[in-house]
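Just so you know, the sequences run in chain order A and B.
Under our numbering, the residue at position 187 of the first sequence is numbered 513, and the numbers go up by one with no gaps.
Under our numbering, the residue at position 59 of the second sequence is numbered 69, and the numbers go up by one with no gaps.
Misleading hints may appear alongside valid ones.
As the list claims (entries may be wrong) - Quick look at which bits of chain A chain B covers, simulated, 3 or more residues with Cβ under 8 Å:
1. 382–389
2. 433–439
3. 538–550
4. 566–579
5. 619–631
The hints are simulated quantities; they were obtained by calculation from the structure and are not laboratory data.
Don't be surprised by glycine CBs; every beta carbon is placed ideally from N, CA and C.
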Amino acid sequence: MSKHPFHDVAIVGVHNTRQARVLEGHDARSITMEGALGAISDAGLEPRDIDGVVGSLASDFLFQSRVGPAWRSLSPLGIPAVLEAAMAIGCGLASTVLVATGEAGSYRQHDSTAPWTRPTNEFVASYGMFTAAEFALMARRHMHMYGTTAESMAHVAATIRNNGHVNPEAVYFGKGPFTIDDILGSRMIADPFHLLECATTSEGATALVLTRADRVEDLAKPPVYILGGGTDYYGPAYQHPPVWDLGGNRRSDLVAGYVGRQAAEEAFAAAGIGPDDVDVCEFYDPFSFELIRQFEAFGFCGEGEGGDFVMSGVIEPGGRFPITTDGGTMSFSHGGASVQLFQRVVRGVQQIRGECVTGQVGGAEVAMSTGGGSGALFTDVLLLGKDRP
Amino acid sequence: MTMLLPQDGSIPVPQPGAFSRNYWEGCAEHELRFQRCGQCNGATHTPAVLCAVCASPALEWERSAGIGEIYSWTVVWRPATPAFVVPYVPIVVTMAEGWHLLSALVGCEPEAAEIGMAVEVEFHRGAEGFTLPYFHPVEKLLPKA
Ligand SMILES: [Zn+2]
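Sequences are here, hints too, so could you generate the full structure?
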């Protein structure tokens, strides 16, 4: 049997800085550096143990620590950056890689939606499109096809926000609890999404450290392994009409509405497991509907069954498939353009380690972390586990 | 009652590129254009050099009948920027020739929006003198081309 692609790699350090609506005195560089040092310390390593960095701001660390020359990638997004770091280690290009990103001070005038929600493009900008509207067009199509209800989407939002409500590290700690009626009673942003069904905006940094699996013995925390991963893209986000049925030219069930399906298939195949083996679903939550969509895309339930699935008692704490256990982008943090994408991976690692102060899933051995969404035409998947693959 | 109208504020206007110049020139002449494939007869939008159906480069510009039906819609109450008057109703339209277009619904109340509603293009010269396509409801579609 051939060796698993990530047999030689382990995630050994993770860190979220303080997350807040505004981090006074910080800018993106300073908060990213704080995140980087936190992850290195979490691993029990020193800055000069790093010989590779991922992320445009991580290069600041590279310079300041004078650890160069080192391997470097500019990959800015969540799971693809983690996979790239893992591949670099697997290929021998680096042995200990820092992945870091952060945001502060870039969005403090709130009369417009956040800049990362409004990509300038000739086919969308003139119609007042931004992320909520893009994702709403996908959700509305699903409601039309399958009768998916506003209540089921609101239940997703209430569940995630209640996870954040009890998490002292969440930006919106103590702001709940929320019921379905509370969600549906908040003001409409882009029908069918009410305010409380949308991601928030905040500031913060996050970072991870990956190293060779033969180096984990002396480190501070138990290693977490990458069991599988995949990245599904249909093209640039927010530049073309968000159409559920886009794509499907190679395989009819691989349409944009189910983006992430192929990535999940690849990840599960590499791991040799299926959805039933997942203990915790650290799914990315830009909008409430996206979790319903992901459960269908990844094969946890059939097409059109996601609404009933999330209403069946599985997604709450103590349920079979607890979701987004720190409060996600709706309550924990949405620190800019990419920080929150990494935070699903960070939380997955914390779940496998068993160190979550709130929302810990007892005995979690497999976590599924995701990023992206249908309105953005991409979804990335990462399976994390306790046992070396 | 809110009658949906084209946006007349200082909204962002398109910056046509090499692929899309023909499309926007068509709009200025009140003509909605798309690309037809000489290989498979499929329709392509947004403007491209490869057919969206078969990836052939044999694309020719064609004038659309300008009619279609709503594929999906949303009513926006939190504007992307203060230049937009709310509510506004972004829609994806399935054009009679089988291509999808992002636009906005006008000429009715926002509550009227529904998937399958027959719509027809109209053109509006707005910010910076730029002409954008919008869509209003019509009784029913003409037979599909
Ligand atoms: Zn073709």
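For this session: Examine the region 433–439 of chain A for residues whose CB is less than 8 Å from any CB of chain B, and state whether their number is three or more.
Result: holds (count 3)
Problem set entry | 8 Å C-beta criterion, at least three residues: is the region 382–389 of chain A covered by chain B | violated (count 0)
For this session: Examine the region 538–550 of chain A: at least three residues should have C-beta closer than 8 Å to a C-beta of chain B.
Result: violated (count 0)
Exercise. Within the assertion that chain B covers the region 566–579 of chain A, do at least three residues meet a Cβ-to-Cβ distance smaller than 8 Å?
Worked result: holds (count 7)
Problem set entry | Outcome, coverage of the region 619–631 of chain A by chain B - at least 3 residues whose beta-carbon is closer than 8 Å to one in that chain | violated (count 0)
Checked against the numbered hints listed earlier, the structure breaks hints 1, 3, 5; every other hint is satisfied.
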